[in-house]
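Protein chains: 2
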Amino acid sequence: MTGKAGDVIVVGGGIIGLASAWRLSLAGARVTLFDPAPGSGATRAAAGMLAPVTEAHYGEEELLRLNLESMAAWPAFASELEQQSGLEVGYDRSGTLAVGYDPSDKAALDELWRFQQKLGLESSPLSASACRSLEPALSPSIRGGLDVPTDHQVDPRQVGAALLEACQRARVSIRHERVESLLVERARVTGLRTGEAREERAPTVVLAAGWRSGEIAGIPPGLRPPVRPVKGQVIRLRLDERLPRPARTIRALVRGSFVYLVPRRGGELVCGATSEEMGADSRVTAGAVYQLLRDAQSVYPSILEAELAEAITGFRPGSPDNAPLVGPGGMAGLVIATGHFRHGILLAPVTARIVAELVSSGLGEGWERRPAIDPRRFSRRAGR
Amino acid sequence: MTGKAGDVIVVGGGIIGLASAWRLSLAGARVTLFDPAPGSGATRAAAGMLAPVTEAHYGEEELLRLNLESMAAWPAFASELEQQSGLEVGYDRSGTLAVGYDPSDKAALDELWRFQQKLGLESSPLSASACRSLEPALSPSIRGGLDVPTDHQVDPRQVGAALLEACQRARVSIRHERVESLLVERARVTGLRTGEAREERAPTVVLAAGWRSGEIAGIPPGLRPPVRPVKGQVIRLRLDERLPRPARTIRALVRGSFVYLVPRRGGELVCGATSEEMGADSRVTAGAVYQLLRDAQSVYPSILEAELAEAITGFRPGSPDNAPLVGPGGMAGLVIATGHFRHGILLAPVTARIVAELVSSGLGEGWERRPAIDPRRFSRRAGR
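Quick mapping for you: the protein sequence lines, in order, are chains A and B. According to my numbering, the residues represented by the first sequence are 1 to 384, in order. According to my numbering, the residues represented by the second sequence are 1 to 384, in order.
These aren't lab readings, by the way, just hints derived from the structure by calculation. Hints may be right or wrong, so weigh each one.
Partner residues aside, some chain A positions facing chain B, computed with beta carbon under 7 Å [unchecked claim]:
1) Ala286
2) Leu293
3) Leu304
Simulated restraints, written as ranges between beta carbons of each label pair [said to hold, decoys possible]:
4) A:Ser40 x B:Asp240: 22 to 28 Å
5) B:Ala137 x A:Ser104: 31 to 37 Å
6) A:Ser40 x B:Ala108: 46 to 52 Å
7) B:Arg265 x A:Ser133: 51 to 57 Å
8) B:Glu215 x A:Ser141: 53 to 59 Å
9) B:Ala76 x A:Ala309: 39 to 45 Å
10) B:Ser129 x A:Pro221: 32 to 38 Å
11) A:Glu310 x B:Arg186: 29 to 35 Å
12) B:Ser141 x A:Ala130: 23 to 29 Å
13) B:Arg265 x A:Arg242: 40 to 46 Å
14) B:Ser40 x A:Glu310: 18 to 24 Å
Computed from a predicted structure; not experimentally measured. Idealized CB from N, CA, C, for every residue including glycine.
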C-alpha cells in the first residue's frame, strides 16, 4: 500500500463501512467515517452466517467465487481484528447442518448437494437419523440433511463493536452525523454535506451506506447505486441451561420456507429471517414472528420453551442482480461499496480489501477490475 | 359512611388497591398506599374484558353473582372515576362475540349457551354467516358463535392511570416503596415495615398486593392468603388503517384453546392469554407468542399483517377455589382484598365498595358478611 490513499471519507458505519475505514486507515489514509449510529442497521440484525456452501445458487457461480474468497479471508481478518481491538468477534467453526422437513424439502437439499458436488464444495448428505445423532433435539419429522463443516459464523454485533474499536485505535474519526448529500464539482465528488448542513471535504468518498446508498443526494441519477431495502425480520431466543442447544448452525427447509437457527455462546439462538419487498417499513409484524416460530419449532420443537428475547427488523441492500456493487462509482473521487444483499457479513473482508486497494491505487491505476461487482455495470447516462 | 375509617394503609397499587384506596378516601379515611410501581403488575397486562356472561362456568354460580354485581356497578364507577380524575378509562359497550373454530369448539359454545339460558343471561346463538356479518374479517372456517351484547370492556392501563390521579386528588398519599412485612402486636396488625426498614403505623391495613399478598411477612402462616401467581402472557398488535378491525371483543375457542382479541380505539388489538402454573417466571416465551398468534390467526387471519407491538407477562392472583378473598383477614386491623384470579378488573368496583364499607364499619359491626369470598374460609390455626 502507498501513501496515495490520502484523505478519505466513508459514508456508512455498518460492517462494510467500518471494515473499509479500518483497512483504509491501515493503508495509510486519514479516514473520517459518518454514521448517526454505527453498527445499528443491517449489521445489528444479521445472524452472521458465513455460509457460501449452503448458500450456493444456480446462476450465481461468480458470486460464489467471491463468497469463497471472502470466506477464506475471514479467519485471518477475525484474528487480526480481535488482536487490534482487544475484543472478541465470536468466530465459530462448529459448522452448519442443513435439514429438510418434508420429502420435497429433502429433494431440494439433494439437488443442492448435487450442485455443490459439481462445484467441488465440501458437503455430505446425511440420513435423518444421522442428523439427529449430530443434533439430538431435532424433530423426528425431518427427512435428512447435509453436513457442511466449512460454513461458519461470527457474531455481527461483536464484529461491529470490534471494528468500531479498531477504527478508533487506528485514528479513524467517527462522526455521528447523517449525510444529506455528496458534494459534486466539475464531475468530481469532493466531499459531503451533513444533515446539519456542515460540509466536509476529501478527494475520495466511499459510499457504503447500505440500502440508503441510492438515496444520498448529489450523485447524478444515472450513477446512483440501484439498491433497495429488502426487509428481514429476525428473532432472538434465550435458552436457559435446562434446554437443549444446537451445537452448530441449523438451516432448515420447512414446507418450502427457509429458516435458520444460529446458536451463540451464552445461550442465545438467532432465528430468521423473512425476505420482504416492503420498502423501508421497520415494523416487526405478527406474521413474520408467527412464521419464524412455526417453522423453527417444526424442526427444533424445544425452542417453544425458550424466552423470546428480541424481535428486530433489518434491511438488506438488494441489487438488481443480487451481486454487490464494489468499485469505482463512475465519477472521479467516488468509490461505492454496497448492494451486498444477504452477504454483507461474509463479504466484509474482501470488500474492505478491494476498497483499500482501489483507493490506494489512486482509483484505478494498476487496480484489477472485477466486472461482476463493478458498480458501473448499472450506470446509465441521463436520457437513455 | 362514617368517620370510623380513620387512618388506613393499603398495600398494593394494582386496580384493587387503587380502587380501594380511592373509595376509602371518599369515605373519609386518611389513606396511605404503598407500591413501588403502581399499575405495573397484572393490571398493566390485563385485557380489561368485563365479561361475566361469556365467562360463566359450571359450579361457579356464586362467583357469577358477584361478577354480575360488579358488572352492574361498572358504568357508574367508570363515569365517577372519569369525572373525578379528568381522564378517560375506555369503557366500551360494543359487546362481545364468542366464536368456535371447529365442530367441537362450536359444541362447547352451544353448551355454554344452554348454561347461560338456564341462568337467564343475555346471549344469542349465531350461525357462522351471522358471525361474519357482524365481523366480516373473521375466517370462513369458524363454525358459529354467540352474541353477548352485555359483556363490555375497559382499558386497564387507562383505569390504572385514572385511579392514580383520582387517589392523588382525593389526597391519598402514594408511597413508591416495597412492603417487607406487616407489624403485628398482641394479635393485631398495627402497620408495616418497608424494604428500606421504615415503619408506618395505622389501625387498619388493607392487603391488596395481588399474588404477592401471601409473601408479605408478619402475618401468622395460617392467616396468610393462599394466593399463587398464575402466569398470563399477552401480546399487543397495532393495526394500521388498511387492516380490518374487529368492532367488538372477539373470544374464540380454537381446537379447545381459548384466545381473545380485544380492540381498542386507536388500532391496538390485545390478544391473550396463556394460563400457566409456572410460579413467578416473568419471561415472555416463544411458545406462548406462537400459540397466541396461531390461534388468533385461525379465526382472524388479517392480524398477521399487523405490527407486533408488545409482549408482556402478568400474574393473576389465583386462589384455591378461584373466588377472591375480600373481607376481614382474621386478625384485628387486617383487611384482605386479593385472589381475584381472572376477574380483577371486573371485580374492582364491588371489591372497593366492600373494603370501604368494612373499614367504615370498624371492621365488622353491622357489616354484611359474604361467606363465598370471606378470606377466613382458608384460615387455619398453627398445628392443625
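**Contradicted hints - numbers only** = Structure breaks hints 8, 10, 11 and 12.
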